[in-house]
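Okay, here's what each chain looks like letter by letter:
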Amino acid sequence: MIYVLGEGSKKMASNITLLRINLSDNEGLILEFFDEKISRVGVNKGRPFPDNFVTLTFYTVFEQKRLKVLEDEFCRLISSLSDFTLRLACSKDPFNVSLNELYYDLLNIDFPCILDEKLYVKLTLLIKILACIYSKLEKRYTFDFNSFCKFISKFMLGEGIKLYSKYDLFKDKSYEFGRLLQLNVRNIYDYITLIAALKTLPLIDFKSSRILVFYLTHVMRILDECNFKNFDTPIDSHIVRVLRRMGFIKHFRASHIREGSTIFKEIQYLARQVFPEDPMKFYYLRYVGEVFCKVSTPKCDECWLFSLCKTFFKT
Amino acid sequence: MGNTGFFERKLRNAIRHILCTGRENFKIFLNAISSGVFENDRVEKLGIVDLIELFNLCSYVSKLRDQALLLFNRVKRFQDESGLWVDFSISRGFYKFLSDIGISISLTLDVLEGMLNLNLDKCVEFERGYKALLNLRSSTGLFKGAWRSIGSFGDLVFNFKFARLFRDIVPSERVSSIFNEVKGLFSPVSFKHILKRVSILRLLLPDYILAFNVDLEEAKIIFNEASDNFGIIKIVDSENHYVTLKFICSLMYKFKEVEYIVLREVRRLEKTKRRIIDVVGGLLGELGKHFRSYINRPLEKNDLLLEIFKLSLQSVFGTRFMDVCAFDVKLFADFIAKFGNRIESFSDFCEYLMKFTLKHVSKTTKRFRELGEVLWLSVHGARMHELLRACLKCFPHVNDDVVDVFAFYLFIYNIFDDFRPFVSNYSCPCTYDLIRVLYRIGIVSEPLSRGSNFFKRIRKEIHSLSRELFPKNPLMLYYISGIASKWCFENPQCIKVTRSSLVKCPFYDICAWRGVQENGF
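These protein sequence lines map, in sequence, to chains A and B.
Under our numbering, the final residue of the first sequence carries the number 319; numbering is consecutive throughout.
Under our numbering, the final residue of the second sequence carries the number 553; numbering is consecutive throughout.
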């Protein structure tokens, strides 16, 4: 059950204000933390937009799908995957060759991760689609938000869908393609369209698509002129853990949350309460989750939000 | 209704369900019960596991003893060098929960059981199989690790079966301890609870019936508790026809009464199926006229298409719900108004419908999954029947049944000449009219409400029945629904009074429902 936010509840209102103040005050620190994270895989403002987009997509997918089995090689894998994609985009006819062969030909190493068959097929498709996107995107450093939405939705409906050769593989994504088609027919090109378009990529779900947009708009700031009011906040295990311990939600795991479910809507409502101008900033809580509010060894003494935390007072 | 009534009804349901939707080997077995012989062409196509299952089942029926001996000649070819029967590629039913050792134990035990029933225990194959099984046992003398994730209850299944089969050879203390354990599980106090909670233990039931002195009343109670409404025993949430049939076979082996019920039901089903084919063949013209009489005025092609669409919605949802479906009709009318003049053939119709769906239906629909499918089919190219189904399903209230009825009317009115080759790709629509008739003549199970799991299973039964009876054109079975609007109303008029004579329903003499109404159970 979710803790229902009563409109007239004074305590809740003060908690929300405190949360906003704490997160806003430490915004610089939090952004630095995220910046450091993505710079490990070679993402920085000095590189053109397409390079950063491709690398960030891989990073988000690997991070969210918990594919960091080889923890040490994780960053190297993503940077090599993005290099591989960029080279793939420049080659003539890469789509008829298997991933392993190409990998060896281009980088002189075997594919550095052992994946099961389904995942391998999906990853191959993701690489091919991203290579195609890379070759079409202009080599600019920043992009207009709406034009990027338009580009990616048109691309996925036109050329992207052609790359889904197997019907079985496509069936997972048919819902997202249908939704994107409707938005396209209605000429809507905004945040919702971008999320719908990103979700049509293999291995990207509602969670990773929002995190990718967060990295592009809030951390890297390479998508201009956005109206942040309509944005959602990404919800991952860190956010859910922090909210649960603070007492905003009760006994929910991140894996139980689906897009459009009650708990999803409630967390979005909470995010809009805390940051009405830009709900995506609510994802700053991830910093708290990763640095202080760890799974087994929470550092409550160092946490800024201890005064809001129910678990702190209990223990 | 006591245990007996429920038992007989469930037993008949199970046989009917397996005969409709079961695997090929089970159908062969049930057909052979009445005729006493197999069709060799059908047996030749079976894989090793299907063959072993069939052999095991046949060994229990005295009538099929000769056939079982013939089957054994095939089965013994698959014994490997170690003496076991194995197929590691199998991944259906409860086999998918078994480890490699478990699969080999299960299959080998089944073959040895069949051989014991046929008194072939002095064969070389039997000895080799038995020795191989002994080698698979752990140091404690029991089978262990046969299941992937299920614990000791799972291993008990094979240990009990082994102890039952080789009661004379296995040390008596061990046999008695296993037998006591099983007897404790199925004690009158605990067996209902156990059968509900631990579905894996339902695998023990056939052996339990054979091993202990169980009377028919107790067997009936056990069957009623272990099976679902269709009379099928479920193992880990999936229906298992093999265990169900094995249980029925063990009952047939012990009680002549059950054999009689099974035999009677199989024969009745065969007779009913033959009658359906005769009725559809004989009354084709009359029933066709009946369906064509829904639209009695001459119409142009475009208007006819619109009327057909309305009719198909009406026959699935009923006239009362046509207001709800008004938007679908409006969308289809828009399509006809826009593209009607350009439609000349079935392929034209499907292509323009696809364009209309992508441009106009996509604006309003909430069926995104179907819309995505249409998009994929439009890019990659598709066969016309797939395209028609996908496009029509983007309409707000259209479902698979509506599409099938639409195809049926396209076939009846013969609007497009190039539609005939696609007919075999459609399945028989499941409307209330059709289900009412088929249920009353006792060939499908009892319908409850649309959208429930029951309905899905009945739909599956009807689809497989139509493919079995009319493989070239499954839509032909839908002609039967014409009987529903002539004789078989909700309050049926089995004999219709006309000016010239009394017209009996074509299923008058074989109708199980009429018999129940007149004579009771």
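Bear in mind the hints are in silico, worked out from the structure with no lab data behind them.
This one's a predicted model, so the numbers in the text were calculated from it and none came from an experiment.
Cβ atoms here follow ideal geometry from the backbone N, Cα and C, with glycine treated the same way.
Heads up, some of the hints might be wrong.
What the hints assert, rightly or not - With beta-carbon atoms standing in for the labels, derived distance ranges:
id, chain 1, residue 1, chain 2, residue 2, range
1, A, 169, B, 299, 28 to 36 Å
2, B, 173, A, 123, 30 to 38 Å
3, A, 169, B, 380, 25 to 33 Å
4, A, 272, B, 222, 43 to 51 Å
5, B, 503, A, 120, 37 to 45 Å
Task: Hints violated by the structure (listed by number, smallest first) - done: 1, 2
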